[in-house]
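Respectively, the protein sequence lines represent chains A and B. Heads up: the first sequence begins at 1 in UniProt numbering, then just goes up one per residue. Heads up: the second sequence begins at 1 in UniProt numbering, then just goes up one per residue.
Careful, some of the hints might be misleading.
[Claimed, not checked] Keeping only pairs whose Cα atoms sit at most 25 Å apart, straight-line, the calculated SDA-like set for lysine to any residue is:
#  : chain 1 : residue 1 : chain 2 : residue 2
1  : B       : 11        : B       : 22
2  : B       : 377       : B       : 361
3  : B       : 322       : B       : 165
4  : A       : 362       : A       : 348
5  : A       : 178       : B       : 22
6  : B       : 362       : B       : 142
7  : A       : 178       : B       : 275
8  : B       : 171       : A       : 285
9  : A       : 171       : B       : 151
10 : B       : 137       : B       : 165
11 : A       : 377       : A       : 180
12 : A       : 150       : A       : 290
13 : A       : 150       : B       : 285
14 : A       : 137       : B       : 285
15 : A       : 178       : B       : 136
16 : B       : 178       : A       : 277
17 : A       : 178       : B       : 285
[What the hints assert, rightly or not] So the derived list for chain B, only partly shown, Cβ under 7 Å to chain A, looks like this:
#  : residue
18 : 155
19 : 171
20 : 252
21 : 304
Since the hints were made in silico from the structure, they are not lab data. Only a predicted model underlies this, so the values are computations on that prediction, with no experimental measurement involved. For every residue, glycine included, the Cβ atom is placed at its ideal position computed from N, Cα and C.
There are 2 protein chains.
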Amino acid sequence: MNTLNETHDPKLRSWVVSANAAGCDFPIQNLPFGRFRTAGGVDALRIGVAIGDQVLDLRATGLIHTDDMNALMAASPADRQALRAAISAGLAEGSSQQGAWQGALHAQSALEMAVPCRIGDYTDFYTGIHHATTVGKLFRPDSPLMPNYKWVPIGYHGRASSIGVSGQRVKRPRGQTKAPDAAVPSFGPSQRLDYELELGFFIGRGNALGEPIPIQEAEQHLFGVGLFNDWSARDIQAWEYVPLGPFLSKNFASMISPWIVTMEALAPFRAPFERPAGDPPPLSYLDSPANREHGALDITLEVWLQTRKMREAGAPAVRLTKGNAREAAYWTPAQLIAHHTVGGCNLQPGDLLGSGTLSGRKPDEAGSLLELTLGGKNRITLPNGESHTFLEDGDTLTLRGYCERDGAVRIGLGECAGTVLPAVALDG
Amino acid sequence: MNTLNETHDPKLRSWVVSANAAGCDFPIQNLPFGRFRTAGGVDALRIGVAIGDQVLDLRATGLIHTDDMNALMAASPADRQALRAAISAGLAEGSSQQGAWQGALHAQSALEMAVPCRIGDYTDFYTGIHHATTVGKLFRPDSPLMPNYKWVPIGYHGRASSIGVSGQRVKRPRGQTKAPDAAVPSFGPSQRLDYELELGFFIGRGNALGEPIPIQEAEQHLFGVGLFNDWSARDIQAWEYVPLGPFLSKNFASMISPWIVTMEALAPFRAPFERPAGDPPPLSYLDSPANREHGALDITLEVWLQTRKMREAGAPAVRLTKGNAREAAYWTPAQLIAHHTVGGCNLQPGDLLGSGTLSGRKPDEAGSLLELTLGGKNRITLPNGESHTFLEDGDTLTLRGYCERDGAVRIGLGECAGTVLPAVALDG
Numbered sequence: 001m002n003t004l005n006e007t008h009d010p011k012l013r014s015w016v017v018s019a020n021a022a023g024c025d026f027p028i029q030n031l032p033f034g035r036f037r038t039a040g041g042v043d044a045l046r047i048g049v050a051i052g053d054q055v056l057d058l059r060a061t062g063l064i065h066t067d068d069m070n071a072l073m074a075a076s077p078a079d080r081q082a083l084r085a086a087i088s089a090g091l092a093e094g095s096s097q098q099g100a101w102q103g104a105l106h107a108q109s110a111l112e113m114a115v116p117c118r119i120g121d122y123t124d125f126y127t128g129i130h131h132a133t134t135v136g137k138l139f140r141p142d143s144p145l146m147p148n149y150k151w152v153p154i155g156y157h158g159r160a161s162s163i164g165v166s167g168q169r170v171k172r173p174r175g176q177t178k179a180p181d182a183a184v185p186s187f188g189p190s191q192r193l194d195y196e197l198e199l200g201f202f203i204g205r206g207n208a209l210g211e212p213i214p215i216q217e218a219e220q221h222l223f224g225v226g227l228f229n230d231w232s233a234r235d236i237q238a239w240e241y242v243p244l245g246p247f248l249s250k251n252f253a254s255m256i257s258p259w260i261v262t263m264e265a266l267a268p269f270r271a272p273f274e275r276p277a278g279d280p281p282p283l284s285y286l287d288s289p290a291n292r293e294h295g296a297l298d299i300t301l302e303v304w305l306q307t308r309k310m311r312e313a314g315a316p317a318v319r320l321t322k323g324n325a326r327e328a329a330y331w332t333p334a335q336l337i338a339h340h341t342v343g344g345c346n347l348q349p350g351d352l353l354g355s356g357t358l359s360g361r362k363p364d365e366a367g368s369l370l371e372l373t374l375g376g377k378n379r380i381t382l383p384n385g386e387s388h389t390f391l392e393d394g395d396t397l398t399l400r401g402y403c404e405r406d407g408a409v410r411i412g413l414g415e416c417a418g419t420v421l422p423a424v425a426l427d428g
Numbered sequence: 001m002n003t004l005n006e007t008h009d010p011k012l013r014s015w016v017v018s019a020n021a022a023g024c025d026f027p028i029q030n031l032p033f034g035r036f037r038t039a040g041g042v043d044a045l046r047i048g049v050a051i052g053d054q055v056l057d058l059r060a061t062g063l064i065h066t067d068d069m070n071a072l073m074a075a076s077p078a079d080r081q082a083l084r085a086a087i088s089a090g091l092a093e094g095s096s097q098q099g100a101w102q103g104a105l106h107a108q109s110a111l112e113m114a115v116p117c118r119i120g121d122y123t124d125f126y127t128g129i130h131h132a133t134t135v136g137k138l139f140r141p142d143s144p145l146m147p148n149y150k151w152v153p154i155g156y157h158g159r160a161s162s163i164g165v166s167g168q169r170v171k172r173p174r175g176q177t178k179a180p181d182a183a184v185p186s187f188g189p190s191q192r193l194d195y196e197l198e199l200g201f202f203i204g205r206g207n208a209l210g211e212p213i214p215i216q217e218a219e220q221h222l223f224g225v226g227l228f229n230d231w232s233a234r235d236i237q238a239w240e241y242v243p244l245g246p247f248l249s250k251n252f253a254s255m256i257s258p259w260i261v262t263m264e265a266l267a268p269f270r271a272p273f274e275r276p277a278g279d280p281p282p283l284s285y286l287d288s289p290a291n292r293e294h295g296a297l298d299i300t301l302e303v304w305l306q307t308r309k310m311r312e313a314g315a316p317a318v319r320l321t322k323g324n325a326r327e328a329a330y331w332t333p334a335q336l337i338a339h340h341t342v343g344g345c346n347l348q349p350g351d352l353l354g355s356g357t358l359s360g361r362k363p364d365e366a367g368s369l370l371e372l373t374l375g376g377k378n379r380i381t382l383p384n385g386e387s388h389t390f391l392e393d394g395d396t397l398t399l400r401g402y403c404e405r406d407g408a409v410r411i412g413l414g415e416c417a418g419t420v421l422p423a424v425a426l427d428g
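Model the full structure from these sequences, guided by the hints.
Following this line, the structure appears as structure tokens:
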């Protein structure tokens, strides 16, 4: 069996040949977890590990004896690391498991993926300081960044039931909106449908109600990371959000990538977490040496758009933005967990914490159309001559993420893609 | 078998003698559902129906074959009504079931009750217009009621994992607060711990993602009602709530009564729903003749307080307020369901919708200490000479609710009671 460190060895190759291709999201150094069934099937979901263009049915290997991802996520870090080492050893070139495990492989293209675990509660944070500043200017020109922003990891509870997996289609929501100069609100399909580029952090072990998780222990409760699109209806949001926050503007659909990249896989891509000079230090419950030394995640993030016209013309998707989570986020996942639980709130295995929109410093690194178009004022011109402000029916929006560093093998988060459908009539 | 109408017959009496006592919350006309296990037991939860001071183990009667309350809640209204009629017939004086069902009864005092179903998602609304106005004045003297209030049923997503059942104890939360004149925030136990008097509406049948529930069908998706205390830390709330709404100030604990009083039981206590003269009519998706004719709920609500000193002296709890849900709420449950789903959000069986704090028109009908003390400025003097602004350690706060009308038998919602414990140290 390999040790945990050996699972990151750049020299490690898999007998699953597709995993060794340059640029593959799922080399043997990654080993993310997801839930699958055979496409079109009605059988129960099973736990799989992505390797190259294949999925390893984990129960069929005999390494686990459950189909319950949440139970697997609740395991201790030591047990998780042992499982990772065993999977790595079995998939490595020269493994004696190759014969036995060959039958546990399925082509990814033949599978239907699901939301990777049962998400009991979902919380969306607001860690993207450049996003908060740009959007704040649009909603509140006089006070873009609230006085609490650099002290409180701002977050709010989201809707768990409407979180779907990448590949689904999203109906444009209807709702109330009110133009600034209108006397009364009107009702109809959202005209300012947007995406939000986020990371989703999955909780592993939970905590009991009333027992906060100290920041020193927070990462032991973190299972892994996915790509998260918090679809947003900006016109509905602007009218409804005072005083209690966004509601229908965010709960018609959210979307998560099918693969959870574990904290073990991300170990080579951790980074120091430094506040800009002059900013106040975090309160002590949000601060630890380990968090300062390697609390951040060095993950490159991209957003791609393919309109219906592009798809019909056979034109590929175009990249809207490229940025890095490390530069975008003002708070680390460990800080989010420490803050979420400090008053006693209990987290449970499978709970999802959204990072908030991860926009970079530069305007063209923004993680939403609200920012890229400055509230719809600046149209984006696409290579085929189309121009966009917000999302149009037929648009396919795809988030991608990956980690690259000298001395480490590139790993990817896969993709989180959704296509916009027209609004449906209320009586249909 | 009795018809649904016959289950409300004031002449109906039960062979469970305690159910026939005047003032009993659980006469045979009520028949609320809950989940129980024998006290101190570790066995699985079972579904029970409260009758007098007893609980009928429903599976033991043979009427159902599941312990899954959420599955029962997902039944069609016709199936639910048939089940109610069968329970009513079996518990009625002279029923041939008496001999067989006697063994299915447990004394309530010998049982441990649980949260009555699995709550997937919890949404808290803000339907109490007098509450919104009074609190709005405290937080925003210049604009107490937001321009959207009479158009949008304001709501936000809450935390499901920390909802507990009546009888539990609540640790005072710690968190960040900032006095208006302080330069930086500080961290410590909340000094402004409060309750919120709410009704909790439980969803029965759900809807599919992307398929709104029209208001005409909304009540078919409503299963029943409980008492709900949305414990709140006002000082944490004031510092954290902009711009995305309350978070840690509300998620350290919420509390629901053990019994869900069904919409069938509440049928005799429905009331017309009229907006004050001069208010705008609701948008069409929030309006229906049936909702205007009997969309409201005529439920009397009370709040009782017993301090530690009172308990130690053997003094009974004192009533802080008494009001009525009908006069407090600006939106009906049907409107909340229609609004929640109009953009496509899916509701699931067992989901909980909080009404928001139900304060009456008069200052002494307020549903929170924030209102009763005008933000902590006016102390409340108790009969034993103690005076209170916000909740103190050792306080037991109890919500009660009941329905009374000429020609109908009084039914009660039981109680929702919790006791405040001191904050715990972060390292303990």
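Check each numbered hint against the structure and report the violated ones by number, ascending.
When the structure is compared with the hints, numbers 4, 5, 10, 13, 14 and 21 turn out to be violated.
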